[in-house]
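Produce the entire structure from the sequences given, and follow the hints as far as they go.
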Amino acid sequence: MKTRDLTELAARNLREALLRNSLTTLGIAVGVASLVAMLSLGVGLQELANKKLSKSGLFDAVFVSSRANQRGFGRPAQSETATREPAKILDDEARQKIAALPNVVEVYPEIRFPTEIQFEGKPFSTTVAGIPPSAKTEGAFDGMKGNFFSSPDADEAILQIEFAKDLSNQPDSLIGKNLVLRYAERQALPAEPSPKKSDPDKPSANSTDEVTGQSPGFSILPREKTFHIIGIVETEPATSVGSFGRGRLLIPMQVAEILRVAQANDLRGLLRRSSSKQTYESLTVRVKSPSQVKSVEDAIQQMGYGTFSLLDATKSLRLVFAVFDLFLGIFGSLALAVASLGIVNTLVMAILERRREIGILKALGAADRDIRRLFFAEAGVMGLLGGIFGVTLGWLIGTALTFGTNVYLHKRDLPPIDLSSVPWWMVASAIAFSIVVSLAAGIYPASRAAKLNPVEALRYE
Amino acid sequence: MTESANEVAIRTDRVSRSYQMGDALVHAVDDVTVAIRPKEFVALLGSSGSGKSTLLNLMAGLDRPTSGAIFAHGRNLAEMSSADLAQHRNHTVGMVFQAFNLLPRMTLEENVELPLRLAEVDRDERPSRVREAVERVRLSARLTHRPSELSGGEQQRAALARALVNRPTILLADEPTGNLDSVTGDAILHLLQEINESLGMTIVMVTHDRDRAARYAHRIVTMGDGKLLSDGNKI
Chain Z
1 MKTRDLTELA
11 ARNLREALLR
21 NSLTTLGIAV
31 GVASLVAMLS
41 LGVGLQELAN
51 KKLSKSGLFD
61 AVFVSSRANQ
71 RGFGRPAQSE
81 TATREPAKIL
91 DDEARQKIAA
101 LPNVVEVYPE
111 IRFPTEIQFE
121 GKPFSTTVAG
131 IPPSAKTEGA
141 FDGMKGNFFS
151 SPDADEAILQ
161 IEFAKDLSNQ
171 PDSLIGKNLV
181 LRYAERQALP
191 AEPSPKKSDP
201 DKPSANSTDE
211 VTGQSPGFSI
221 LPREKTFHII
231 GIVETEPATS
241 VGSFGRGRLL
251 IPMQVAEILR
261 VAQANDLRGL
271 LRRSSSKQTY
281 ESLTVRVKSP
291 SQVKSVEDAI
301 QQMGYGTFSL
311 LDATKSLRLV
321 FAVFDLFLGI
331 FGSLALAVAS
341 LGIVNTLVMA
351 ILERRREIGI
361 LKALGAADRD
371 IRRLFFAEAG
381 VMGLLGGIFG
391 VTLGWLIGTA
401 LTFGTNVYLH
411 KRDLPPIDLS
421 SVPWWMVASA
431 IAFSIVVSLA
441 AGIYPASRAA
451 KLNPVEALRY
461 E
Chain D
1001 MTESANEVAI
1011 RTDRVSRSYQ
1021 MGDALVHAVD
1031 DVTVAIRPKE
1041 FVALLGSSGS
1051 GKSTLLNLMA
1061 GLDRPTSGAI
1071 FAHGRNLAEM
1081 SSADLAQHRN
1091 HTVGMVFQAF
1101 NLLPRMTLEE
1111 NVELPLRLAE
1121 VDRDERPSRV
1131 REAVERVRLS
1141 ARLTHRPSEL
1151 SGGEQQRAAL
1161 ARALVNRPTI
1171 LLADEPTGNL
1181 DSVTGDAILH
1191 LLQEINESLG
1201 MTIVMVTHDR
1211 DRAARYAHRI
1221 VTMGDGKLLS
1231 DGNKI
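Chains Z and D supply the protein sequences, listed in that same order. Take our numbering: the final residue in the first sequence is number 461, and no numbers are missing along the way. Take our numbering: the final residue in the second sequence is number 1235, and no numbers are missing along the way.
Because the hints were derived from the structure by calculation, they are not lab data. Accuracy of the hints is not assured; some may be wrong.
[Said to hold, decoys possible] Pair ranges (Cβ atoms, derived):
no., chain 1, residue 1, chain 2, residue 2, range
1, Z, Arg448, D, Asp1211, 39 to 45 Å
2, Z, Arg369, D, Ala1035, 30 to 36 Å
3, Z, Val436, D, Glu1194, 50 to 56 Å
4, D, Ala1083, Z, Glu456, 18 to 24 Å
5, Z, Ser22, D, Thr1144, 22 to 28 Å
6, D, Thr1144, Z, Gly404, 49 to 55 Å
7, D, Arg1075, Z, Glu456, 23 to 29 Å
8, D, Gly1152, Z, Asn453, 26 to 32 Å
[Said to hold, decoys possible] Under the rule of at most 25 Å between Cα atoms (straight-line distance), these lysine to aspartate or glutamate pairs were calculated in the DMTMM-like manner:
no., chain 1, residue 1, chain 2, residue 2
9, Z, Lys2, D, Glu1120
10, Z, Lys51, Z, Asp418
11, Z, Lys2, D, Glu1109
12, Z, Lys2, D, Asp1124
13, Z, Lys136, Z, Asp172
14, Z, Lys451, D, Glu1079
15, Z, Lys2, D, Glu1132
16, Z, Lys51, Z, Glu297
17, Z, Lys2, D, Asp1122
18, Z, Lys451, D, Asp1084
19, D, Lys1227, Z, Glu456
20, Z, Lys2, D, Asp1084
21, Z, Lys288, Z, Glu47
22, Z, Lys451, D, Glu1120
23, Z, Lys2, D, Glu1125
24, Z, Lys2, D, Glu1110
The structure presented is a predicted model; accordingly, all values stated were derived computationally and were not measured. Glycine included, each C-beta is placed from N, C-alpha and C at the ideal position.
Dropping the structure here:
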């Protein structure tokens, strides 16, 4: 029998016992729905975690240090010989070289310093951190009040909420006001044999660029700069490894660099080298996506610097979610297994009911194969319809869960999340799985129907 | 052992069919040898339980003999695969039953089309084949009716059209008038006679009605207790 005739006959048979076949199909649909709901929840949570983590700015970053033997999470220590090589200096030249590597978004040093500010005449001590432009997309700035820096070199500041509370009882009212940052500027000394003090009135940005490598030291000058408060952020963004949430007053990275604030490692650098050229203890390299971290890391290691990334940590996270999905999948499959018993039951009942019809078909020339395919087709159609209906139902359940969760989150003033996710591959594989399970459930009834003795079947009333 | 298709349409050669019923072995057909020539109208006569229907089922390829051989146009049904037997039922023989055996939820047209579906006949060709078969049994006006909307005689004519639609060479009829009143039954037998004469179709008809067998068939084969009692005598 041709497939089209087979399908027509199968569809006709399904229509004839409409209620029973609908209930069986509904059973499959519920099974598929539970599978899809479970998996969509698993995938949704995984995507949520991935999104949050990639937005944390930790997984698309490579941390570069001048030491070549940096250890990473789960990464074996490099050979002992590496430690004996002289440390390579991380200077502006190296910074530009790294920035020129493919897939690198930006390279910035870690700038964070404790200092004092003046606000409405009162002094407050705090920690200032430089924030790179790429941090705008990070999760930390998602729910912020006010705005992110209008430009990379704007004299603007974002306050961390706890610090904002220190400044005022009504933190929101701070936006739009000004504060004065007081800091110590590091100013390189000229290369003359008898070093003389720089003119304090001279703008700092012009002086150090002229300094040559022969200059052996620098002086420290107190400075003040006014910043415009433009935003308040809930969490403290991490700008580098080991600096989680230590900045409470955030200013643009470019502005922070121009300030040339004296930092702790300047003194050590002075003792170690003869040069007063700007060097960095470490640099953070932001990469376009976490998948490119490895290649960028390798390229920087080739240049002779130590690198560190959290790539290995994401691997174990993926493993955890794979196991989580597997468990959810197993629970979802149980419902489908029960549904497949429903198919077996329905088709076995159909054999009893249609005994005579099978006998007639055989008398008219239907081969065993035709009968088997007919029953298979019926099981397959129930699987297909149940699969489509089940995916829709599962998607609705996931959407309802997301909606319910978001209502709950909204009541607590938390941002909404996508709890469940039904990607196209899940739709396709759930329907395919439903058909396969239905066909497997149809094997026994179909072969039993095919083996029916036509003489006995025709005698049956 | 093969036979030329011209000499014999269907032939049984010492065929037996027995089956277990509880502890007893029942010999439904016991060592029967009978030959039916092409275009012959043979009545298989016997009382109930004589084995005539079992013999007919063996000829139809619905059942397999315990021993012996059955040749249809020279091919031994006993040695055929079940798929080949299905082909035999579909192409070589057409069957008519006492209980009509139409599928109740299909229209007359759909019932008649069924063997064409099984034979994988081209869809474009099917309507004309169905019409031809239905015209032959004079049921053209009832094409869209379901079996429950047809009289007994009409149902048997529909079954006859279904048996003819694949143009088989042999028609096997199992008590075709058993569920019909005498007038309608005679009309069906007239139709069989007409088909036998106009199409030259070989007909084997199982019946227990000796009188009718004598009136319509060319030859009467009598069975009793699974054995062949007489062959060829119009009594």
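**Asked** Hint by hint, which ones does this structure get wrong, listed from lowest number up?
**Response** Nothing - there is no hint that the structure violates, so all of them hold.
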